[in-house]
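Residue numbers (the working numbering), protein chains in the order written: chain P, 1 to 361; chain E, 1 to 361; chain R, 1 to 361; chain G, 1 to 361.
Read the hints as simulated data drawn from the structure, not as lab findings.
Any given hint might turn out to be false.
To be verified - Between beta-carbon pairs, the in silico distance windows are:
| # | chain 1 | residue 1 | chain 2 | residue 2 | range |
| --- | --- | --- | --- | --- | --- |
| 1 | P | Asp74 | R | Pro310 | 40 to 48 angstroms |
| 2 | G | Gly273 | P | Asp74 | 24 to 32 angstroms |
| 3 | P | Asp175 | G | Glu66 | 25 to 33 angstroms |
| 4 | P | Asp74 | R | Asp94 | 19 to 27 angstroms |
As the list claims (entries may be wrong) - Taking beta-carbon pairs under 10 angstroms as the criterion, some of the chain P residues facing chain R (in silico):
| # | residue |
| --- | --- |
| 5 | Gly16 |
| 6 | Glu17 |
| 7 | Ile72 |
| 8 | Val122 |
| 9 | Pro151 |
| 10 | Ala269 |
| 11 | Thr309 |
| 12 | Arg357 |
| 13 | Asn360 |
Where a beta carbon is used, it is the ideal one built from N, C-alpha and C, also for glycine.
Now for the letters of each chain:
4 protein chains.
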Amino acid sequence: MSHNTFGHLFRVTTFGESHGPAIGAVVDGCPPRLTFRREDVQAALDRRRPGQSRFTTQRREPDEVEILSGVIDDGAGLLTTTGTPIGLLIRNVDQRSKDYANIAQSYRPGHADIAYDLKYGVRDHRGGGRSSARETAMRVAAGAIAQLVIPDVVIRGALVAMGEIEIDRARWDWDEVDRNPFFCPDPVAAKEMEAYLDGIRKAGSSIGAVIEVVAENVPAGLGAPIYGKLDGDLAAALMSINAVKGVEIGAGFAVARLTGEENADEIRAGADGHPEFLSNKAGGVLGGVSTGQPVVARFAVKPTSSILTPRRSIDATGAEVEVSTKGRHDPCVGIRAVPVGEAMMACVLADHLLRHRGQNG
Amino acid sequence: MSHNTFGHLFRVTTFGESHGPAIGAVVDGCPPRLTFRREDVQAALDRRRPGQSRFTTQRREPDEVEILSGVIDDGAGLLTTTGTPIGLLIRNVDQRSKDYANIAQSYRPGHADIAYDLKYGVRDHRGGGRSSARETAMRVAAGAIAQLVIPDVVIRGALVAMGEIEIDRARWDWDEVDRNPFFCPDPVAAKEMEAYLDGIRKAGSSIGAVIEVVAENVPAGLGAPIYGKLDGDLAAALMSINAVKGVEIGAGFAVARLTGEENADEIRAGADGHPEFLSNKAGGVLGGVSTGQPVVARFAVKPTSSILTPRRSIDATGAEVEVSTKGRHDPCVGIRAVPVGEAMMACVLADHLLRHRGQNG
Amino acid sequence: MSHNTFGHLFRVTTFGESHGPAIGAVVDGCPPRLTFRREDVQAALDRRRPGQSRFTTQRREPDEVEILSGVIDDGAGLLTTTGTPIGLLIRNVDQRSKDYANIAQSYRPGHADIAYDLKYGVRDHRGGGRSSARETAMRVAAGAIAQLVIPDVVIRGALVAMGEIEIDRARWDWDEVDRNPFFCPDPVAAKEMEAYLDGIRKAGSSIGAVIEVVAENVPAGLGAPIYGKLDGDLAAALMSINAVKGVEIGAGFAVARLTGEENADEIRAGADGHPEFLSNKAGGVLGGVSTGQPVVARFAVKPTSSILTPRRSIDATGAEVEVSTKGRHDPCVGIRAVPVGEAMMACVLADHLLRHRGQNG
Amino acid sequence: MSHNTFGHLFRVTTFGESHGPAIGAVVDGCPPRLTFRREDVQAALDRRRPGQSRFTTQRREPDEVEILSGVIDDGAGLLTTTGTPIGLLIRNVDQRSKDYANIAQSYRPGHADIAYDLKYGVRDHRGGGRSSARETAMRVAAGAIAQLVIPDVVIRGALVAMGEIEIDRARWDWDEVDRNPFFCPDPVAAKEMEAYLDGIRKAGSSIGAVIEVVAENVPAGLGAPIYGKLDGDLAAALMSINAVKGVEIGAGFAVARLTGEENADEIRAGADGHPEFLSNKAGGVLGGVSTGQPVVARFAVKPTSSILTPRRSIDATGAEVEVSTKGRHDPCVGIRAVPVGEAMMACVLADHLLRHRGQNG
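Bound conformation, chain P alone (with noise of 0.2 angstroms):
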């Protein structure tokens, strides 16, 4: 990972600022003749697609991607991939960069925004620029392309807390997280969270929440040892995902609480020849190499700094000022962070079976 681009063999660079004209993203090192739809890259962008609810930011971004190369359209709009780079581009429509005039100076606490500044000394303050969620629109553009090369995997992610509402897992149910507005599999906790989310947004706040991202029928072997690892991958990807602050693997922290017996998965002999786990504190990854069990991923992200509380802070001539932030926002960026985290569990799985297969043939 460097800069602006991430992945070794499956490569995935983006760019594009939240209020500038365009975002896009090159996919970099997709095998050959693979077909797919612009529509199938689109819907994926529907899902993440913002004012959709009235829990989402009401900017409407339409987020029509147009995809520039790497291709050969049939005429009827099957396209088939050609191994060289995919460009895809989706332009801004809904700017509305006065939002932002009373914060143009200031610095929101929380937000990247005097980071930016202290790092660069110079920043796009419309909208956050480049830390703006919105640039995760392209890794979504860019995890429907990678599904592709992994088609066999099933990749899902869940909304499993939100502030102090947690999911029952005993009600787990993957068909739920279509049904409600936050990507949460536990239909009595979805309806809690409605409430309790309409609390918060008409408070002018927001808060944190917990995603959980599974795939299963993960090839065994995925991964390179030590600096290359399929979890390592996975945490920096997951990581750089706006307002994350934890990763977990399987168990995650709770193995800190865990013995040895508790902890290892015991293994049988399963019928079809393959290795038989009878747990998954692993979350699929033993020394950072996939074992065919599901891999298991969580994330926390953190409240955006975006709220109507004024908060102390400084300008950018280092006076003390108060900031509230008006523009329209998400009370709970977690939640369109889910198809987000799902994306980056698809980009780090297709580039580790590609290393897998040019390395072990």
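Take the given structure of chain P and dock chains E, R and G to it, following the hints.
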């Protein structure tokens, strides 16, 4: 990060197995004209070395490091870096491969050996081969070189939880860390850990832990946007340590329960013209870029899979067996992960300092 | 260098095919606070643009570049870089895919189309797809950005040989380069080339060329040892240009005939404290590191394979055919390679400046 | 390529100076389950070893390679790769640093020592430190490992010109290469070189050379578009060899004089269904991708700067001095560059095979 190399401008490549003739590292990209002594690297290694208390493996490795290149010796042992790659070598001394005879053909539940075999179709069963914690000695040596690049940055690690025992942060005392065999900053908790881990050890069991690493005096501005974020690279670096299953920055997973008001670190004008943050939920990183606050990371280490209690597993032929491990092992591998976490922090910060200086002049 | 990205800290990724909707580039790692205008990039593109004389392809491409990200516009067209990736886009306008109908199923001898098909099992036959010289427009745009990073470095290219015609170095005049359609620094040779290339052009044939690129005011110390040598990276960069089959630094292949006495550039104490070299056989690079002398590189460009004369070949089914190309083409692609060579030199030097600054402070 | 590492999936990192304790390499990404013996690597090293005739430096280095990791020994010396990094080490034995006492403070004209000093502000003057040809021993060792990855590919190098003497290609005989001390394929030219180089040697002078490396049975499809071209990587790899000033593929610089008709390699339907090319001006690479034809590369090696004739130079204080070198040196370093060129070809092809297999399955 790729295979066995990490870093971009400050690059570390390691090699070597637990029970082969030697382990080694190449530190590439180190700036020229830095001075140190072999003893400085050795001192760092001695902190991590096994066999220093009854709570770590009884394997006796002097871990004497040889510096093969990249420096000029003034004749009195003062070494000056030349800008060329620094080769480091440690001979393995106390390999008792016979300890592993009984598990040569079986897979330890929770251990990487099955994953390596699934990946490569061959494994070095002696002591875990490449997946052994022995590799981390080279990280510590590399970390000592990295520290030369960031001389003003103070990096300290501590074990903050072991099994059921968590430290009381009100009692945190950095000096205490070197007074007990656990790198524990809380003298009361350290006492409890002693009795607790004796019990684990005598039962032939093992236990997990949580480590915290804090870097002070980190310059603002380190970290690149999106996929080269400081916290993204830290997450990858810490997750790459053996047995780590979770990584947090700042408030970490706790952010899921925070509101925007609670999470945002307010800012005042500091006496010296720098921004003064009133709290550090961010862990010193906003938008992937350091703010000048202490960088705070935590990681969870699972209990080692090498335990005496027989566990259900399979062997290389797929037959069902019971496995228990009689070799010398750490009842809590988290202890020796403390200096390794410090080393990874040093390597990541050194790399990002060079990268920032490169792009920003 | 990897797939479609080159550079380490100053990184350029390109995408797009000759006959797709657009070509584009992402310039990542550009330092912040550099100022330029869109017209500066456009001017560089205009130098390379086809259709400006009868000696280049008659394809009419305005090559209007759009700058999509990474800059702040002051409202009057002055752009300031922000340190984030600069997205560049050029829409293709004058695609006449039907020109290629007759070669859709056949392989042009000497052309990359058969190689792409052997590799990917699919190819974009229209205008050579990704292997078209059209991709080099993006390199020129990226080179204009790179030049901002090395403002004092003066980079100039010239065509020094075309077929049987070689320039006389005694007549070298940089001003002459912009006065003839060949970028030729020798007015006498330029005159000869005009008649010579008219003959080639009318015969539907093509011819090779040699380009020389000179960078003056290059700081000493750029280049990393062994595999990151300045001349190693230059060699890769120049060889990556379409149709290039050879690269030389300084005296180049002529060194094979020199003795040590003839080859060594003697050194005297310069007036300003810098070393003064009495000759420049080294081409400004010793041991892979710049010495402060002008960096001199040459590269040979083969004649395009798109010619009217029928040549023996096969088609995609393996059947033997005769192929001739009727599309619009350059009788000497070497001509338009001059600005491309300059751009690659700029990108390599910018990258190495950032790398050197990173490691050396 | 970066600093001291090259390759993408098959990665080689080298370290060590001419007069330090040892030189070494880490070969990372080698596929598992390949078998070889230490003697195979040693045999490759022995070909490059100095002191085997009066025409190479009289430094006596046994160059005994130690294999430190990445393999399992069956007890009888048969080594099986495990997929983990292969550590290689050679101890320096015959360092006579006093030979360099007289040039410790002066810069040899044409040598990298001044460039290293300009870059790093410090240099290891003993034997050229890192810029010594001694580093190439590790490339040869790595090349022997690379050859395991491409067992069917036959790579052979030859010296085709030395000073004024060029070989007659009509007399090319690969068997002759091992019968003379020059790796010269033409017995008549080899005889002439003997007398010629004796003259150079006795005069304390040195001379340049041209090397050709040919790889046969290279699979079609190796090489990635644009910046990961097979010939681009070859150019970087060969230019990275000490003293190389030019690289050619196929017809090389001669293409400048060719018409499209002369340059295009015509194609017929081969007996085995593969395309059959009627000539090989392309040197086996079209559009950066291998075609199945032999890959042919040439490179020019300058004469060593270590000569007896006094040359004008300066010392580290900037004072003007005369420099002559009395240490042991090669009158024609091009000779020992032959096995190094073969090794670089092997490494590049191995890397591209893995990359191709990764992307293309």
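Consistency of the hints with the structure:
| no. | hint | result |
| --- | --- | --- |
| 1 | P:Asp74 <-> R:Pro310: 40 to 48 angstroms | violated, 31 angstroms |
| 2 | G:Gly273 <-> P:Asp74: 24 to 32 angstroms | holds, 27 angstroms |
| 3 | P:Asp175 <-> G:Glu66: 25 to 33 angstroms | violated, 60 angstroms |
| 4 | P:Asp74 <-> R:Asp94: 19 to 27 angstroms | holds, 24 angstroms |
| 5 | Gly16 | holds, 4 angstroms |
| 6 | Glu17 | holds, 5 angstroms |
| 7 | Ile72 | holds, 6 angstroms |
| 8 | Val122 | holds, 5 angstroms |
| 9 | Pro151 | violated, 18 angstroms |
| 10 | Ala269 | violated, 39 angstroms |
| 11 | Thr309 | violated, 29 angstroms |
| 12 | Arg357 | violated, 15 angstroms |
| 13 | Asn360 | violated, 20 angstroms |
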